Structures are given as C-alpha cells and as structure tokens.
Amino acid sequence: MSDVKITGVETILLSRMHEPEIQWKTSTFRTIKAEAAIVVIRTDAGVTGIGEACAYGVPGLISDMVRRVSPLLVGRDPRDPSIVLHPNGHTWAYDCAISGIDCALWDIRGKLAGKPVAQLLSPNPINKVRLYASGGCSYDWRDRPEQLIEEALSYIAEGYEVFKFRVGTHWAWDGVTVDRMLGLIRELSQEVNGRMELAIDGNQRLTEEVALALGKGLDQIGGFKWFEEPIPQKDVDGYARLNAALDVPVSGGEQYTTIEQFIPYMERKAYSIIQQDAGICGITAGMSIARFGMEYGVPTIPHNWHNGVMTMANAHLVAALPEPILVELCRIQGPMQWGMVKESPTIQGGWLELPDKPGLGVELAEDVLERYPFVEGNYYVTVER
Numbered sequence: 001m002s003d004v005k006i007t008g009v010e011t012i013l014l015s016r017m018h019e020p021e022i023q024w025k026t027s028t029f030r031t032i033k034a035e036a037a038i039v040v041i042r043t044d045a046g047v048t049g050i051g052e053a054c055a056y057g058v059p060g061l062i063s064d065m066v067r068r069v070s071p072l073l074v075g076r077d078p079r080d081p082s083i084v085l086h087p088n089g090h091t092w093a094y095d096c097a098i099s100g101i102d103c104a105l106w107d108i109r110g111k112l113a114g115k116p117v118a119q120l121l122s123p124n125p126i127n128k129v130r131l132y133a134s135g136g137c138s139y140d141w142r143d144r145p146e147q148l149i150e151e152a153l154s155y156i157a158e159g160y161e162v163f164k165f166r167v168g169t170h171w172a173w174d175g176v177t178v179d180r181m182l183g184l185i186r187e188l189s190q191e192v193n194g195r196m197e198l199a200i201d202g203n204q205r206l207t208e209e210v211a212l213a214l215g216k217g218l219d220q221i222g223g224f225k226w227f228e229e230p231i232p233q234k235d236v237d238g239y240a241r242l243n244a245a246l247d248v249p250v251s252g253g254e255q256y257t258t259i260e261q262f263i264p265y266m267e268r269k270a271y272s273i274i275q276q277d278a279g280i281c282g283i284t285a286g287m288s289i290a291r292f293g294m295e296y297g298v299p300t301i302p303h304n305w306h307n308g309v310m311t312m313a314n315a316h317l318v319a320a321l322p323e324p325i326l327v328e329l330c331r332i333q334g335p336m337q338w339g340m341v342k343e344s345p346t347i348q349g350g351w352l353e354l355p356d357k358p359g360l361g362v363e364l365a366e367d368v369l370e371r372y373p374f375v376e377g378n379y380y381v382t383v384e385r
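The numbering of the sequence shown is the numbering used here, which starts it at 1 and goes up by one.
Hints were generated in silico from the structure; no laboratory data involved. The model shown is predicted, which means the values in this text are computed figures rather than measured ones. A couple of the hints might just be wrong.
Stated by the list, open to error - No farther apart than 20 Å at their CA atoms in a straight line, the calculated lysine-lysine pairs in the PhoX-like style are these: (1) K269 with K225; (2) K269 with K216; (3) K115 with K128; (4) K342 with K357; (5) K5 with K33; (6) K357 with K128; (7) K269 with K115.
Using the sequences plus the hints, can you model the full thing?
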C-alpha cells in the first residue's frame, strides 16, 4: 500500500472507579480508580492505530501534549522513518505522550504490512510471552497481612509461576521492621513451597541500610528473581553498592526513557535487570534500551502497569528480544484492563498468546467511551493514620 497519510491524532481518556473491596494501597496511598490515556492515530487509508500512554503521566496533560505535537504527524506517512519523536527523559507528560504515539504508529505499521508488531521488530519472534502476576498491594500491616499469602496462592492456582509484591502500607504506622517484613516473606516462601518464584518491589521507599538488610534476608530465604527499586532511583552509587553486595538481582529503570539515563547504571553495574516500559518510553526507545542493556549482559523485564493496550505493546517488545524472559501483568487494575478492547488475548497458565493479527492485535471496544467515561481527579487519595 502506498501514499498513506495521517489525517488525525487524538487521545481518548478512560477511567473506572474501583469498588471499595478492590481499591489497592501501598505506603500512604489508596487507589480509587483505574484510568487510561489511549492515543489514536487515523489515516486516509482507513487504518487506525492505538497506543496506551502510561497514565502516571497524568491523562489530561498527556492529551494536551499529544494535541501540541500532532501537527508534526498530520499529513505524514506513518511508515516514514524520518518521523522522529523521541522521549526526552525530562517531562513525564511529554514522554508518556510520545510513547502512546510511538506505539500507535507501530500498530499502524503492522496493520499496513499485514504483520504483528513483533514480526516487524524481529525476524524470528516468539508467539507467546510468559507473564508474571504483579500485585501485593492489597495487604495491610494492621489488618490481615496474611492476605499477601492468600493472593499468591490464588495466582498459583491460575498457573502463574512468578509473583511480585510490594512492601505494604507505611511501615511507621505499625512499627514494621525489616525483621517483621522478612517474617512475612518467610511464611510466603514456605506456603508457595517452590511452586512459584518471588520478586519484591521496594517502590524506592527504603534507605540503603534498610534495603541491604532486607536484601541479605532475601538471599538467605532464596528463590527471589529480583529486588526492584529498593532506594530512590537517582542514587546510582547506592544501587551499585547494593547490586554488588546482594545475590538477588537488583532491578530498576521503569521511569527512564532514554539510553543516556541508563548509561551510568550500566557502567557502574548498578542494575542486573532493566525495566523500561513501552507505555512510558515507547516501543522504539524500549527496544533500543533493551539492546543497549544486552551489550552489558543486562536483560530486560519491562515494567507494565495499567491496561491491556500497554500490555500488548510490552508483549510484542519482549517477544522480539533474542532472549525473552517475562512481561509484568497488573492483577489489580480491575475490569477496565481488558474490557477496553473488543477481544482480549488468550491468557492461559501464565502465558499470553500474541494474537495472529496485524499490529498490536487488539482494537478498542466500540462502546468504550460509554462504559468507561473519564472521571476528573486524582487516581489515589492519601491516607492518614
């Protein structure tokens, strides 16, 4: 097909209020709604591309940024390699907007070529990717922390072989210590009894001293695939020290969108796993970062929170890697996660099968705006105790 032109670029904002029983929490925050920013690119050939921008860039700001950069796209062929919109690593709204545009462009390119995106990224991609169950935000140190164990067992029953959890509600509220955290982790490890590997996300909440103590405890327990973002992300020296001192791989980088941001981490051996996200940096930059990491022997396991369109972008990225490992799947996003698409992909036994369809392989449901109208306001509230 020749002479295809982009005729319009827009952002569809969606949300769904969480019922009280599925509102998830971590630290001092309680999440009250799911939300999404979907970039839609239309062409004069009747081919439409979609891409999900990470909603942490703030949906309204993402929409405004997409509107502002759209004149750079309208009238251009979506396959034109000279279309260069790179994330800049400075502004979340801009980077997330560019990521949504980039994913939507890949969706169009796949559709025009009649191939899944993974086949455009690699000559021999795999056709299904292994998922890990990501959650562990529903337990409360004050009220039934054992819910974490029940959650893990439910994922085992569904066939997931890896579970990532967080460090729970604000430790100072209930006098939580490293020893108490490790006590719960030991119980969890004993209950899963080798049926599931575990990973833990510190959400940048820990000091280096606490992270080292917790990491040493994880090493003793064993069976941990990684220790994610234990300390503030910009502390390269701290990450390098932790990664050198611990057996459990230290991971991070979900908020980074350029190779330049990853250079010091690779040079200092500060990460053993990198976790760039196509919903934050786009597929193009995500693949470039993955290749850069490979030069240092550091694999990619993408961060992937929020909804199904973003999950498909990260799934195609991983499917195209020479040594694909895992894709994160948020298990606590609620019905909108896959309800926004006409037909969700097959997920069975902890594996996502890439649809035998061109592009990303999913389309927005026709009634998506009616079912999930956007609700203004923050997606979380701050809790005080």
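To see whether the hints hold, each was checked on the structure:
no.: 1; hint: K269 with K225; result: holds, 17 Å
no.: 2; hint: K269 with K216; result: holds, 18 Å
no.: 3; hint: K115 with K128; result: holds, 15 Å
no.: 4; hint: K342 with K357; result: holds, 13 Å
no.: 5; hint: K5 with K33; result: violated, 36 Å
no.: 6; hint: K357 with K128; result: holds, 13 Å
no.: 7; hint: K269 with K115; result: violated, 37 Å
Of the numbered hints given earlier, the model fails hints 5 and 7; all others are met.
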